[in-house]
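Chains as they are written, first to last, in this note's numbering: chain L, 27 to 318; chain E, 279 to 406; chain X, 17 to 244.
Hints listed in this document are in silico derivations from the structure and should not be mistaken for laboratory results. Where is the CB? At the ideal position from N, CA and C, for every residue including glycine. Accuracy of the hints is not assured; some may be wrong.
[As the list claims (entries may be wrong)] The list that follows gives simulated cross-link-like pairs (lysine-lysine, DSBU-like), each with its CA atoms no further than 35 Å apart:
1. Lys166(L) <-> Lys213(X)
2. Lys266(L) <-> Lys184(X)
3. Lys49(L) <-> Lys178(L)
[To be verified] Here are the simulated distance ranges between beta carbons:
4. Arg358(E) <-> Leu96(X): 29 to 35 Å
5. Ala144(L) <-> Asn219(X): 20 to 26 Å
6. Lys354(E) <-> Pro48(L): 50 to 56 Å
7. Lys354(E) <-> Asp88(X): 29 to 35 Å
8. Arg289(L) <-> Ile214(X): 35 to 41 Å
9. Val142(X) <-> Ser361(E): 14 to 20 Å
10. Asp182(X) <-> Asn317(L): 55 to 61 Å
11. Glu318(E) <-> Glu216(X): 48 to 54 Å
12. Leu208(X) <-> Ser263(L): 46 to 52 Å
13. Leu208(X) <-> Lys354(E): 39 to 45 Å
14. Thr307(E) <-> Arg89(X): 40 to 46 Å
[To be verified] Far from chain X by the CB rule (all over 10 Å, computed), these chain L residues:
15. Gln36
16. Gly96
17. Arg110
18. Pro194
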Amino acid sequence: MSLLEESLKQNKFVVTGEVGPPKGINIAPILEEAKHCLKGRVVAVNVTDNQSSVMRIGSLVICQKLLEIGVEPVFQMTCRDRNRLALQSDLLSAAVSGIENVLCLTGDHIILGDHPQAKPVFDLDSVTLLKTVSTLQSGKDLSGSNLDGTPKFFRGAVVAPAAVPLEPQIIKMESKIEAGAQFFQTQAVFDAKTFESFVKQTEKFKVPVLLGIILLKSAAMAKFMNENVAGVSVPDSLIKEMAETKKEERQKKSVEIASRLIRQMKPLCQGIHLMPLGWGHLVPELLTAANL
Amino acid sequence: MAEKIVGYLCEHSGVPAFAEIRDDFKTLTVKEVPCSGRVEIPEILKEFELGADGVIIVGCHKGSCRSLTGSHYAEKRVARVKSVMKEIGLNENRLALEFLSNAEPARLKQILTAFSESVNKSLKEKQK
Amino acid sequence: MIVAEQKPIKQIYEIIKPYKKVLILGCGTCVTVCSAGGEKEVATLASALAIMSKELGEKGEFLQQTIERQCDREFIEPTLPAANSCDAVLSLACGAGVQLVSDMTTVPVVPGLNTKFMGITQEQGVWTENCRGCGDCVLHLTAGICPVSRCSKSLTNGPCGGYNKDGKCEADREMDCGWILIYNRLKERGMLDNLRKIMEPKNWSLASVGKPKKVIREDLRIEPEKIK
Numbered sequence: 027m028s029l030l031e032e033s034l035k036q037n038k039f040v041v042t043g044e045v046g047p048p049k050g051i052n053i054a055p056i057l058e059e060a061k062h063c064l065k066g067r068v069v070a071v072n073v074t075d076n077q078s079s080v081m082r083i084g085s086l087v088i089c090q091k092l093l094e095i096g097v098e099p100v101f102q103m104t105c106r107d108r109n110r111l112a113l114q115s116d117l118l119s120a121a122v123s124g125i126e127n128v129l130c131l132t133g134d135h136i137i138l139g140d141h142p143q144a145k146p147v148f149d150l151d152s153v154t155l156l157k158t159v160s161t162l163q164s165g166k167d168l169s170g171s172n173l174d175g176t177p178k179f180f181r182g183a184v185v186a187p188a189a190v191p192l193e194p195q196i197i198k199m200e201s202k203i204e205a206g207a208q209f210f211q212t213q214a215v216f217d218a219k220t221f222e223s224f225v226k227q228t229e230k231f232k233v234p235v236l237l238g239i240i241l242l243k244s245a246a247m248a249k250f251m252n253e254n255v256a257g258v259s260v261p262d263s264l265i266k267e268m269a270e271t272k273k274e275e276r277q278k279k280s281v282e283i284a285s286r287l288i289r290q291m292k293p294l295c296q297g298i299h300l301m302p303l304g305w306g307h308l309v310p311e312l313l314t315a316a317n318l
Numbered sequence: 279m280a281e282k283i284v285g286y287l288c289e290h291s292g293v294p295a296f297a298e299i300r301d302d303f304k305t306l307t308v309k310e311v312p313c314s315g316r317v318e319i320p321e322i323l324k325e326f327e328l329g330a331d332g333v334i335i336v337g338c339h340k341g342s343c344r345s346l347t348g349s350h351y352a353e354k355r356v357a358r359v360k361s362v363m364k365e366i367g368l369n370e371n372r373l374a375l376e377f378l379s380n381a382e383p384a385r386l387k388q389i390l391t392a393f394s395e396s397v398n399k400s401l402k403e404k405q406k
Numbered sequence: 017m018i019v020a021e022q023k024p025i026k027q028i029y030e031i032i033k034p035y036k037k038v039l040i041l042g043c044g045t046c047v048t049v050c051s052a053g054g055e056k057e058v059a060t061l062a063s064a065l066a067i068m069s070k071e072l073g074e075k076g077e078f079l080q081q082t083i084e085r086q087c088d089r090e091f092i093e094p095t096l097p098a099a100n101s102c103d104a105v106l107s108l109a110c111g112a113g114v115q116l117v118s119d120m121t122t123v124p125v126v127p128g129l130n131t132k133f134m135g136i137t138q139e140q141g142v143w144t145e146n147c148r149g150c151g152d153c154v155l156h157l158t159a160g161i162c163p164v165s166r167c168s169k170s171l172t173n174g175p176c177g178g179y180n181k182d183g184k185c186e187a188d189r190e191m192d193c194g195w196i197l198i199y200n201r202l203k204e205r206g207m208l209d210n211l212r213k214i215m216e217p218k219n220w221s222l223a224s225v226g227k228p229k230k231v232i233r234e235d236l237r238i239e240p241e242k243i244k
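Okay, chain L solo, but in the shape it has when bound (with noise of 0.2 Å):
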């Protein structure tokens, strides 16, 4: 079992992290990260699957240096770029590598990327994706033949808190549950009442949902992120706090609105996923903050 799977199931309050695998060979830097301020400090580390729809080296084979580091990881696996074959295989190497927790996402869309000419493949979505990892554990892949050993995987997908309308993430959210989900990372939420309203009417599942947090780099990140990213709002208040902070104030204001997000909202959920994008040198200082 892994060590996410076994903290939550003893109803510890978990912290994940995250690291995006680079454009290129050079994976020192990130190993680097990984070992000096995520190691011993979050229960595991998501590693995304060319992120953004932007090409870089495979969240495979970093989640396979992460396991020889010392580093539990988070396979993360999109849609977007592999039909139902290759994902299945994907999965049999993650399970022969060690990797256990695995997080299921239909992808962001290849327009948006830096490969808007590739054909988007979308063969599977996040939902029939899970039911897919369902089907491997049981010793069958979707084609009903079975397999040579069966891999066994912790299933993980996303949920966006703040998307509006809400109510089809949470019909969303239900199927993915029963397509096989166990626990959920958050889209990043920056507000305590739209996570309590959120909370209120998916507590019932009884799946543990960890909270997204993104570190604010500046009010304008937070204004594009409103304006870009969908799922994401942040409300003006924090806006401005950003915009009142001299830039060379702004890494300390960050950590300070973060943490204070997580002490707000931590009662509501049973852990946090904190995605740096970049700033993660500041992760101890922020679970220092935050009482994590």
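Chain L is fixed; fit chains E and X onto it per the hints.
What follows is chains E and X alone, placed relative to chain L:
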């Protein structure tokens, strides 16, 4: 005007206005239409294919068009023909669309004179 | 209907340049409706190409003809004498028509349009895609809105997390998220349970991806040779 210019004149505006000044523009080839919106895109291009130096369409002001939308369509179509002209290397200034009422013969005279000069200029530029 | 757009005139000119005498063949069905390849468009193109040809001193000759449609042999047959007298046929039909004409004459048949999609007239001058020929229609489950063609990711179980608060798609903020449209309509009609059911992975072997498809109706086939 010495150039070969074809004028599509709307019978509610262009035709009556032109009647009063026709002696000044004896070489203008006049084609009467019930509405400026009746002039089709291929028709305009055909004129250029057959050797016209310039084509001008004269219709009613947009708010006064008898068929309500005719002048609007004329505007859209002329814009479309101009973009084709641009693609095939014809000077867009050789095509014009003007709106006036039947009580504006003096203005029509000004328009036709100015258009003739503009067409002349466009042809000279091409020869360079 | 099939919606297509005319290629830029310069591109068309480059394609027909090697040919002295060209038959510009229009189609009276889909491409007339979307004003890409009907009689008017043939006439416009004929003049445009003639003007260009003259300007470049190339003396190209352009014949014009528009037939009912180019996806049935019976309409193409009568044009063959004219086509065969030319050095090339510039077909303004969709890709299907261009190919059938090409099968019926040894004269080179070149396309003047780019075929875009199957769709409808949203309003005059605007055509939108709403069918991808997936071969396994589920419109009865999605309140008449197609998830394959109207969801940018063709998701079987949607929506993804990419819709914004105005219900627009992350791939194009001017475009509605297909699955939010489905959600809204299912909700209006008290059919939200359809959204709660998990749809199995799509059978893409039925769709217009992979090998070329065929539809055969044996009851409609007549082999004339056998009747004699």
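Right, here's what the structure says about each hint:
no., hint, in the structure
1, Lys166(L) <-> Lys213(X), "holds, 23 Å"
2, Lys266(L) <-> Lys184(X), "holds, 27 Å"
3, Lys49(L) <-> Lys178(L), "holds, 30 Å"
4, Arg358(E) <-> Leu96(X): 29 to 35 Å, "holds, 33 Å"
5, Ala144(L) <-> Asn219(X): 20 to 26 Å, "holds, 24 Å"
6, Lys354(E) <-> Pro48(L): 50 to 56 Å, "holds, 51 Å"
7, Lys354(E) <-> Asp88(X): 29 to 35 Å, "holds, 33 Å"
8, Arg289(L) <-> Ile214(X): 35 to 41 Å, "holds, 37 Å"
9, Val142(X) <-> Ser361(E): 14 to 20 Å, "holds, 18 Å"
10, Asp182(X) <-> Asn317(L): 55 to 61 Å, "violated, 38 Å"
11, Glu318(E) <-> Glu216(X): 48 to 54 Å, "holds, 52 Å"
12, Leu208(X) <-> Ser263(L): 46 to 52 Å, "violated, 35 Å"
13, Leu208(X) <-> Lys354(E): 39 to 45 Å, "holds, 44 Å"
14, Thr307(E) <-> Arg89(X): 40 to 46 Å, "holds, 44 Å"
15, Gln36, "holds, 30 Å"
16, Gly96, "holds, 32 Å"
17, Arg110, "violated, 6 Å"
18, Pro194, "violated, 5 Å"
The structure fails to meet hints 10, 12, 17 and 18 from the earlier list, while all remaining hints are met.
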